[in-house]
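S.K.: Chains as they are written, first to last, in our numbering: chain A, 1 to 447; chain B, 1 to 415.
No lab work stands behind these hints: they were computed from the structure.
Among these hints, one or two may not hold up.
Below, computed lysine to any residue pairings styled on SDA-like, alpha-carbon distance capped at 25 Å [claimed, not checked]: (1) A:K185 <-> B:K150; (2) A:K74 <-> B:G22; (3) B:K216 <-> A:E5; (4) A:K18 <-> A:S53; (5) A:K81 <-> B:P217; (6) B:K150 <-> A:F117; (7) B:K345 <-> B:P276; (8) A:K324 <-> A:N127; (9) B:K412 <-> B:A114; (10) B:K151 <-> A:I71; (11) A:K135 <-> A:D97; (12) A:K371 <-> B:I298; (13) A:K238 <-> A:D299; (14) B:K7 <-> B:I298; (15) A:K70 <-> B:K151; (16) B:K132 <-> A:K377; (17) B:K132 <-> B:G22; (18) A:K377 <-> B:S221; (19) A:K391 <-> A:G361; (20) A:K211 <-> B:I298; (21) B:K150 <-> A:D94; (22) B:K132 <-> A:D33; (23) A:K70 <-> B:N218; (24) B:K150 <-> A:D97; (25) A:K371 <-> B:P206; (26) B:K412 <-> B:G253.
Cβ-to-Cβ under 7 Å is the rule here; a few derived chain B residues that face chain A [claimed, not checked]: (27) W145; (28) R149; (29) A154.
Even glycine gets a Cβ: it sits at the ideal position worked out from N, Cα and C.
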Amino acid sequence: MTYDERLQNVSVLGAAGKMGSGILLLTAIEMVDRSLQPENKGKTFVLNAIDVSDEALAGLMDYLKVQVRKIAEKKTVWLRKMYADREDLIENFDIIDEYIFAVIRMVRPVTSMEEAFRSSLVFEAVNENRALKVKLLSRIKENSQKDVWFFTNTSSVPIHLIDEEAKLEGKVIGFHFYNPPAVQKLVELIKTDNTKPEVEEFARQYAANLKKVVVSSNDVAGFIGNGHFMRDGLHGMKAAAKLAEEKGLPLYEAIYMMNKITQDYLVRPMGIFQLMDYVGVDVMQFILNVMNPFVEDEDLHSDLLDQMMEQGVKGGQFSSGAQKDGFLKYEAGKPVAVWDVQGKNYVPFEAFSARCDEMLGSMPGSVVAWKATLRMKNKEEMLRRFYTDLKTTETLGSELALKYGKCSKKIGEKLVADGVAHNAEDVNTVMLTGFYHAYGPINAYFD
Amino acid sequence: MKKLRRKVYMAAGYNTVSLGTGRKEFNPRTPRPGIEHYISEAGQGVLKQIGGAQNVDESVIGNFMAGRFNYQGHLDGFIPMIDKGLSMKPAVRVEGACASGGLSLVTGIRQVLAETSDVVLSMGFEVQNTVKAIYGADILAMAGWFQKRKKGHAYFFPGQFSDRAGAYYEKYGFDRTRKGMARWYANAIENARLDPTAQEYHNTTPDPYATALKMKPNGASFVDHLTVLDCSKVSDGASAIAICSEEGLKRIGVDKKDAVEVIGFGHAVRDITSDPSDLTELETIKFAAHQALENAGITIDQVGTVETHDCFSIAGILAVEALGLAAKGEGADYVDAGHTGRNGKIPFNTTGGLIGWGHPTGGTGVHQAVTIWQQLTGKAGDAQITIDEKRPYGLTINMGGDDVTVTSIVFKRGE
Numbered sequence: 001m002t003y004d005e006r007l008q009n010v011s012v013l014g015a016a017g018k019m020g021s022g023i024l025l026l027t028a029i030e031m032v033d034r035s036l037q038p039e040n041k042g043k044t045f046v047l048n049a050i051d052v053s054d055e056a057l058a059g060l061m062d063y064l065k066v067q068v069r070k071i072a073e074k075k076t077v078w079l080r081k082m083y084a085d086r087e088d089l090i091e092n093f094d095i096i097d098e099y100i101f102a103v104i105r106m107v108r109p110v111t112s113m114e115e116a117f118r119s120s121l122v123f124e125a126v127n128e129n130r131a132l133k134v135k136l137l138s139r140i141k142e143n144s145q146k147d148v149w150f151f152t153n154t155s156s157v158p159i160h161l162i163d164e165e166a167k168l169e170g171k172v173i174g175f176h177f178y179n180p181p182a183v184q185k186l187v188e189l190i191k192t193d194n195t196k197p198e199v200e201e202f203a204r205q206y207a208a209n210l211k212k213v214v215v216s217s218n219d220v221a222g223f224i225g226n227g228h229f230m231r232d233g234l235h236g237m238k239a240a241a242k243l244a245e246e247k248g249l250p251l252y253e254a255i256y257m258m259n260k261i262t263q264d265y266l267v268r269p270m271g272i273f274q275l276m277d278y279v280g281v282d283v284m285q286f287i288l289n290v291m292n293p294f295v296e297d298e299d300l301h302s303d304l305l306d307q308m309m310e311q312g313v314k315g316g317q318f319s320s321g322a323q324k325d326g327f328l329k330y331e332a333g334k335p336v337a338v339w340d341v342q343g344k345n346y347v348p349f350e351a352f353s354a355r356c357d358e359m360l361g362s363m364p365g366s367v368v369a370w371k372a373t374l375r376m377k378n379k380e381e382m383l384r385r386f387y388t389d390l391k392t393t394e395t396l397g398s399e400l401a402l403k404y405g406k407c408s409k410k411i412g413e414k415l416v417a418d419g420v421a422h423n424a425e426d427v428n429t430v431m432l433t434g435f436y437h438a439y440g441p442i443n444a445y446f447d
Numbered sequence: 001m002k003k004l005r006r007k008v009y010m011a012a013g014y015n016t017v018s019l020g021t022g023r024k025e026f027n028p029r030t031p032r033p034g035i036e037h038y039i040s041e042a043g044q045g046v047l048k049q050i051g052g053a054q055n056v057d058e059s060v061i062g063n064f065m066a067g068r069f070n071y072q073g074h075l076d077g078f079i080p081m082i083d084k085g086l087s088m089k090p091a092v093r094v095e096g097a098c099a100s101g102g103l104s105l106v107t108g109i110r111q112v113l114a115e116t117s118d119v120v121l122s123m124g125f126e127v128q129n130t131v132k133a134i135y136g137a138d139i140l141a142m143a144g145w146f147q148k149r150k151k152g153h154a155y156f157f158p159g160q161f162s163d164r165a166g167a168y169y170e171k172y173g174f175d176r177t178r179k180g181m182a183r184w185y186a187n188a189i190e191n192a193r194l195d196p197t198a199q200e201y202h203n204t205t206p207d208p209y210a211t212a213l214k215m216k217p218n219g220a221s222f223v224d225h226l227t228v229l230d231c232s233k234v235s236d237g238a239s240a241i242a243i244c245s246e247e248g249l250k251r252i253g254v255d256k257k258d259a260v261e262v263i264g265f266g267h268a269v270r271d272i273t274s275d276p277s278d279l280t281e282l283e284t285i286k287f288a289a290h291q292a293l294e295n296a297g298i299t300i301d302q303v304g305t306v307e308t309h310d311c312f313s314i315a316g317i318l319a320v321e322a323l324g325l326a327a328k329g330e331g332a333d334y335v336d337a338g339h340t341g342r343n344g345k346i347p348f349n350t351t352g353g354l355i356g357w358g359h360p361t362g363g364t365g366v367h368q369a370v371t372i373w374q375q376l377t378g379k380a381g382d383a384q385i386t387i388d389e390k391r392p393y394g395l396t397i398n399m400g401g402d403d404v405t406v407t408s409i410v411f412k413r414g415e
């Protein structure tokens, strides 16, 4: 079966979810683009968008319509060539509309799993629930009319366990997109000892066509991305608790301070508590629960997360993409208050931020804003200067930042030492491209 | 073309801001002024300088594609909206693609010459940021022959002029041509920075010449032979000016020294269904501009400044050649040598032209006249150039489509 033949009937499980919708979009684009090639004219391509909710699937189609238009608008020069033989399509308007229609015509939004039995390729993007994944994939495998291959978007469950428990015979690979899949360049590729070479070959071709940066991770729970992020988040929560205790502060003030340290001092797109809200407190707890049984020398668990879940403060995003309140409360996408687990309410920044900022002290004049680093040609030099200055700045802020930077590096190095990542460069690539950090965690800035 | 049978003047010009990418106040995601705003602002800008609407005999409004950009036709109906004093007076809408503004001017000139009017309010506008550029390209493509649209580029007109640039590179050399085009861009930006209404007024690129020279055409993402810096941007804007007889000038209370006299003009149209006979020549521009010079009884050596239709930098270079300032194939060198810069032999497009000031298509022709009026009467503010007494004439060239419709006017300060 050729690359194009395998793409002629594909299913995405969990297609209306946060990750699934992005995966569905990218796959739909790849399939339609293949279908427009001269050698594929007249062939039928089918993409089953499978989810449990009719309402969510309707929302998915709305999302597709908007996103496909944006994509088509950016490649109209190419589309005009592809539609050169269609005399009825003259203006860009016509051509873009036809392309959108081609996608909509190909995507079948369904709530019935049975549709996947005719697929040659199945993307799995359901909840991070090992039992559910195994149940769904094994059912498809048992009933499939094709030599079906499976791509799982799990961010934490070891792939070999899914393979063994669902009896997939090595026809499965971890293909872990980052959120949102349509934007983030990174894909973690996780093969097992049993993964068929042709499955990996196809996965690499597919990733290349999607113009993704591929980093291979070993098949260890959490892989590289969550391997680092989960530990970094746990460290953030511990550091906040320690700071609160040492300085006699309410925890919410310490959370505010550590969030500021991890954003402004560590030059990241968002602070660690905001990132945990973005991922979702519930998702984070779920992933930690998946990972914890597989590590022997650590306890990947947080009482604070449990407490947040008990209090129903979960973060995550609305279907519109807007941020839900979690550790922090958001107004127009910007954090404005912190959750107080004692008082069970949000405390606005303005009630305490000036005092906390003063405690942290002023930052060196050489401070670099994260956004500015995106276009900096001398980024490394500017960061080196900033962190060199930070080391000679005797403030609480610099002390906390330097400790955090060192810890982040240790986490990265441990991923290499434990055989999760092949090398330091892979760890850094994941954090640079999957988390948009300005620099990789394994660096010399904090030495 | 017959000599003008009556003196014709232009005065009291007004330009709105040319709004689009580059202007700080432009945000594609927030609501923006519509056509009503632009027509009103430009019209009232003139009326305030000429003693009010009661002094106007009739009006001409030039516009290319409001029917598609704004879903609005019947544009002459907007003239009385400017001022109630314009109600129950004649008004007409003219269209000749990007030369619609020029058609508004020559129509007004003819109305004065025909003695049906002594004061004509001539204006032009376009509001194009209502659609994304990829759809705007479809709308602007209607300045070409629709039968050619299917085989044309996604960005149809950049595609047409990319073909012209490609032919020029092949015939006369890539590097020297790109240098001339980069200089054209740099001149446009430097001039636009001196005019607060210009779209590139806020441009802070440290070295526009180096920036333009460094950027290479990339057919995979745009067109084969042009970069985005070789192209005028998408603009919203309007311009207006009063066209008067001597009696009309007296009526509006404007001194001749504050007006420009129309010494001659040219107006020519090429068959839209035929391809240009030579891609490296703008034959209609050449014809109409020479017609204007001949009608004025002057030569290009007597012209002190030119406003030409540089929808693309290559069009600017080809216009230099069409005017006879440089031989064929030497226009790029002429431009790169700085001769068309604001301190050069013959300053071109002194408020930025289409690339720098902006290109609200139906308004461009009128904007050119306003700029010449400003320069010849000393009203150009920071953009003011020195007009050599021996070369007191100003020349405009306004082009519609791919060298299809061209108007060209020779001006001199009133005396």
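S.K.: Taking the hints in turn, state whether each one holds.
M.R.: Comparing the hints with the structure gives:
1. A hinted pair counts as satisfied when its Cα atoms are at most 25 Å apart, and K185 of chain A with K150 of chain B does not qualify at roughly 35 Å.
2. Restraint check for K74 of chain A and G22 of chain B: satisfied, since their Cα atoms lie roughly 21 Å apart, inside the 25 Å limit.
3. A hinted pair counts as satisfied when its Cα atoms are at most 25 Å apart, and K216 of chain B with E5 of chain A does not qualify at roughly 39 Å.
4. The hinted pair formed by K18 of chain A and S53 of chain A meets the criterion: a straight-line CA distance of about 13 Å does not exceed 25 Å.
5. Only pairs whose Cα atoms come within 25 Å are accepted, and K81 of chain A paired with P217 of chain B is accepted, the gap being roughly 19 Å.
6. A hinted pair counts as satisfied when its Cα atoms are at most 25 Å apart, and K150 of chain B with F117 of chain A does not qualify at roughly 42 Å.
7. Between K345 of chain B and P276 of chain B the CA atoms are separated by roughly 30 Å; this puts the pair beyond 25 Å, and the hint is violated.
8. Between the alpha carbons of K324 of chain A and N127 of chain A the distance comes to roughly 18 Å, so the proposed pair stays at or under 25 Å and holds.
9. Taken as a hint, the K412 of chain B and A114 of chain B pair is honoured in the structure, with Cα atoms around 21 Å apart against an allowance of 25 Å.
10. Taking the CA atoms of K151 of chain B and I71 of chain A, the gap is about 22 Å. The hint holds against a cut of 25 Å.
11. With a C-alpha separation of about 39 Å, the suggested pair K135 of chain A and D97 of chain A falls outside the 25 Å cut-off, and the hint is violated.
12. Between K371 of chain A and I298 of chain B the CA atoms are separated by roughly 58 Å; this puts the pair beyond 25 Å, and the hint is violated.
13. Note on K238 of chain A and D299 of chain A: the hinted pairing holds, with a Cα-Cα distance of about 13 Å set against a maximum of 25 Å.
14. Our distance criterion of 25 Å between C-alpha atoms is met by K7 of chain B and I298 of chain B, whose separation comes to about 17 Å.
15. At most 25 Å may separate the alpha-carbon atoms for a hinted pair to count; K70 of chain A and K151 of chain B meet this at roughly 23 Å.
16. Among the hinted pairs, K132 of chain B with K377 of chain A is inconsistent with the structure: their alpha-carbon atoms are about 31 Å apart, more than 25 Å.
17. With a C-alpha separation of about 15 Å, the suggested pairing of K132 of chain B with G22 of chain B holds against the 25 Å cut-off.
18. Under the criterion of a C-alpha separation no larger than 25 Å, the hint pairing K377 of chain A with S221 of chain B is consistent with the structure, at around 24 Å.
19. Taking the CA atoms of K391 of chain A and G361 of chain A, the gap is near 14 Å; set against the 25 Å cutoff, the hint holds.
20. As the CA atoms of K211 of chain A and I298 of chain B are separated by approximately 61 Å, the hinted pair breaks the 25 Å bound.
21. Only pairs whose Cα atoms come within 25 Å are accepted, and K150 of chain B paired with D94 of chain A is accepted, the gap being roughly 11 Å.
22. In summary, the hint linking K132 of chain B to D33 of chain A is supported, as the alpha carbons are separated by about 23 Å, within the 25 Å threshold.
23. A threshold of 25 Å between alpha carbons decides the hint, and for K70 of chain A with N218 of chain B the separation of about 21 Å falls inside it, so the pair holds.
24. Restraint check: the Cα-Cα separation between K150 of chain B and D97 of chain A comes to about 15 Å, which is no more than 25 Å; the hinted pair holds.
25. In summary, the hint linking K371 of chain A to P206 of chain B is supported, as the alpha carbons are separated by about 22 Å, within the 25 Å threshold.
26. With a C-alpha separation of about 19 Å, the suggested pair K412 of chain B and G253 of chain B falls inside the 25 Å cut-off, and the hint holds.
27. Taken as an interface hint, W145 of chain B does not check out: its beta carbon lies about 12 Å from the nearest beta carbon of chain A, beyond 7 Å.
28. Satisfaction of the interface hint for R149 of chain B is found here, the shortest Cβ-Cβ separation to chain A being roughly 5 Å, below the 7 Å cut-off.
29. A distance limit of 7 Å between C-beta atoms decides the matter here; for A154 of chain B the minimum to chain A is near 4 Å, and the interface restraint holds.
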